[in-house]
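K.L.:
Starting from the known structure of chain A, arrange chains B, C and D on it as the hints suggest.
Number of protein chains: 4
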Amino acid sequence: MTVETNDDVRRRVADWWATSVSRVEPGVIELRGRPIQELLGSASLTDAIWLMLHGTLPTPRQAELLDAALVGSVDHGPHAPSIAVARMSATCGIGLNNAIANGVNVMGDVHGGAGQQCVELYTEIRDLTAAGSGLDEATRVVVERWRARSKYLPGFGHRFHPRDPRRDPLVGLVERAVADGVVAGDFLAAGLAVEAAIAPVPMNIDGATAIIYGELGFPAPLARGLFVIARSVGILAHAWEETQGGRRIKGPIPPDIRPTYRP
Amino acid sequence: MTVETNDDVRRRVADWWATSVSRVEPGVIELRGRPIQELLGSASLTDAIWLMLHGTLPTPRQAELLDAALVGSVDHGPHAPSIAVARMSATCGIGLNNAIANGVNVMGDVHGGAGQQCVELYTEIRDLTAAGSGLDEATRVVVERWRARSKYLPGFGHRFHPRDPRRDPLVGLVERAVADGVVAGDFLAAGLAVEAAIAPVPMNIDGATAIIYGELGFPAPLARGLFVIARSVGILAHAWEETQGGRRIKGPIPPDIRPTYRP
Amino acid sequence: MTVETNDDVRRRVADWWATSVSRVEPGVIELRGRPIQELLGSASLTDAIWLMLHGTLPTPRQAELLDAALVGSVDHGPHAPSIAVARMSATCGIGLNNAIANGVNVMGDVHGGAGQQCVELYTEIRDLTAAGSGLDEATRVVVERWRARSKYLPGFGHRFHPRDPRRDPLVGLVERAVADGVVAGDFLAAGLAVEAAIAPVPMNIDGATAIIYGELGFPAPLARGLFVIARSVGILAHAWEETQGGRRIKGPIPPDIRPTYRP
Amino acid sequence: MTVETNDDVRRRVADWWATSVSRVEPGVIELRGRPIQELLGSASLTDAIWLMLHGTLPTPRQAELLDAALVGSVDHGPHAPSIAVARMSATCGIGLNNAIANGVNVMGDVHGGAGQQCVELYTEIRDLTAAGSGLDEATRVVVERWRARSKYLPGFGHRFHPRDPRRDPLVGLVERAVADGVVAGDFLAAGLAVEAAIAPVPMNIDGATAIIYGELGFPAPLARGLFVIARSVGILAHAWEETQGGRRIKGPIPPDIRPTYRP
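These protein sequences, in sequence, are chains A, B, C and D. Just so we're aligned, residue -6 is where the first sequence starts under the numbering used here, counting upward by one. Just so we're aligned, residue -6 is where the second sequence starts under the numbering used here, counting upward by one. Just so we're aligned, residue -6 is where the third sequence starts under the numbering used here, counting upward by one. Just so we're aligned, residue -6 is where the fourth sequence starts under the numbering used here, counting upward by one.
For reference, chain A alone in the conformation it holds in the complex (with noise of 0.2 Å):
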């Protein structure tokens, strides 16, 4: 029988949180492998978040693309959930950290999920192609799959835009990506070949933002993640113009006006 020696369980207890995401000792801190003092200047944010989740730094013309799909989904007014529940909670005399912590938790698979999920049916789409379908075919084939399981097709039509305003400047951006060899285009090709498929439903911000996602090369789930870091700005600026406003326990609708009871 071996004995564990003090070093052992020391050891086996700090590596319960090992990780190769970060080093932090006495005067280090390093992200990713890189010392922070090195980032310190020279990084921009959306560096940062290249660096945090592909563990290297990205080339201006990637991070032109992130930035295009971060800042088209920073907001979209008072009324979307994760801002109007940001609103609401401010009001009720918790932190900002807080009130914020709520937007970000309503971002669930309905409301924050239809990128990661326009991630998934695009690789599907390129997968097939991949391995020899033809794009109309794949798309034909992918579509009905998804449609077979919900009467929503991520990524496409918007209840309240008749044609979304951040589609064509999104997609542009691509377009010239591809064109330059900045990214493959796959994702691109299979988001215009579902756009053909079912014409005239036009492709939404999710849409776009997953094609950007899918030829930067990040996987699916983190198409959610990096919504929730964008978003995160539009939640800020209205949690903390709500605060200004010095409004307490805001409900959804004037007091005045007050709910049918039904029995």
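For identical chains, the list gives no copy identity; a pair is met inside one copy or between any two copies.
Below are the SDA-like pairs computed for lysine to any residue, each with C-alpha atoms no more than 25 Å apart in a straight line:
hint: 1; residue 1: Lys144; residue 2: Gly238
hint: 2; residue 1: Lys144; residue 2: Pro214
hint: 3; residue 1: Lys144; residue 2: Pro19
hint: 4; residue 1: Lys144; residue 2: Pro195
hint: 5; residue 1: Lys144; residue 2: Val134
hint: 6; residue 1: Lys144; residue 2: Leu185
hint: 7; residue 1: Lys144; residue 2: Gln237
hint: 8; residue 1: Lys144; residue 2: Asp249
hint: 9; residue 1: Lys144; residue 2: Gly239
hint: 10; residue 1: Lys144; residue 2: Gly20
No wet-lab data here; the hints were simulated from the structure.
P.N.:
Just chains B, C and D, lined up with the frame of chain A:
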């Protein structure tokens, strides 16, 4: 007696959610009055943060300072409660957004508030000097005032780093920005004066980012808000790594090392 | 063309928040149609839980069963993520409610969903037997179906207790309730049949409370909801104890035992 | 120099999570020193709440008072942010526990803290009278002190109910409990004295439950903690109802009534 019309009611309900942050109408998305199309491809995420909080776009040098403050706050290892809580949460069968929300939710007065408090501290020094006090005298008075309230002086000292590796690069960036007329330098002066007054306790990350946020005109509570945005990046990277490991219901220490019961 | 009147708009806005759970008007509070005055002094919290979810008041024997399921779920020690996360959160300068929220937030599919899934499993067995299958055959079919989806059978086995000390008292209570005609016994039969079929793996707390929730007519998702209510009590007690200890920014392990970095 | 042994390290790590709330070992679960088997079938949820916070079991009359305070706090309609936020959250594709967490998270100083503050207010009056002041004088002094800090006196007045329908039944229960020697009556005296001093502003639910929590020996912060437990029941019922309705991404007002933009 005047009667409220149909339109009056609609307007009153709509106004309950009025905002100057963004405008969203069918086919239209504006952030602080700027059409989203103009921002996509030209604005970075950091530009968007500035726009949403200040209502304008930053100059490149302003954005560089903001980027440095944000990048410096992205991560501080898996033991920071904001990270550890998110990692444990990610093993419990909740969405990535829910795990991030938990990490953000712990960034309260003690774990996430030092930057905010330090902006307040510097602001008091700046206001006293603007009113005619000498910098040393103003610093002495303000530090004494804060120490009377708490044994922790926000922004200075670190329980872990003898010298925070982020201090020098961040202070150096601000010094160059002051030299070039990018920012006025009042908050830099206050921060260095405090550090000199309480030597050898050095400035930490909160003291350094508070200089930047103060110089860039952000009100103190937004120092916490900006820290939340930055740290969300680290939270996402860590939560994602944890989900990739496949562990379920991760406790804080290995399961065979059980808590001691004290009746 | 009909014109929407003032009152139409008001009604439409109010109806957006219509509910049959409660009615609140000036001087009036009703829960499921019962004036709050009638409940105060006569109804227990458990009665109120039943009322809010079922719309009626329970008999004493029904309330006794519900109480047992709830009391059995209150706490499972400081290592459970729902508890550990709340304790760490409580040291970060956020409100007690925020710390509780974090504990509740981690009770997802993996950490808080086994009871819900087990009610579903039992329901499938009950439905098959109601449709004419023998209990053993129905159990065999359903267990196989669930095992094909996951290696974890919800409600059975425990990574920590060889035999869960809550199983026997809870099952015994239900057996007496069935003998006395308080509940029908279908879910008890299903639970015992599963336990026999997969012996020697014993039923755990989720398997036992799922029997109770099923017998008492709660839909499966409410098994998770009721677990949340019960565990909130333990979360509160632990978070409160932690705040009394005065520790700040508590990490998961003692600070001198650092994580290992793996580049 | 002494060397830390294997067991020393293990103990030190385990002690990091030491607690007197519960003990969990293989086959053993104890709440405040009581085996869970003894509680199942005999203790109500309310008894368990008392046990977890006080370390003992309540008498039936004590439990009755606690039940009344809890039942009175269960729900206040769908417009309360704690409810509205949870209902909106429940439509976004997150778990029922996540929706409940969001409701709990908003019960901060303003929305959930009045009971806690009111226990503090009553405690100050009780302490002054215990130190020899007359009740009227003590009340006058303490009310003045609180009014100097804020225009809201916690526990009194209601923006919605001219007279809170929960006040009379709760105060009546405490009066009977005082008459029967169940509780001492100091907090009841303080509450009634404040109400008389500021007439005609009546006591609200927070003022009435603060009397009960104070009489039952709960420290002020637990008044908020207990409110959270109680309100979680209403939050659950409302969130559940909302999920049954099937609405997706519910905003605060009907979608066709849009916010006004003010540039």
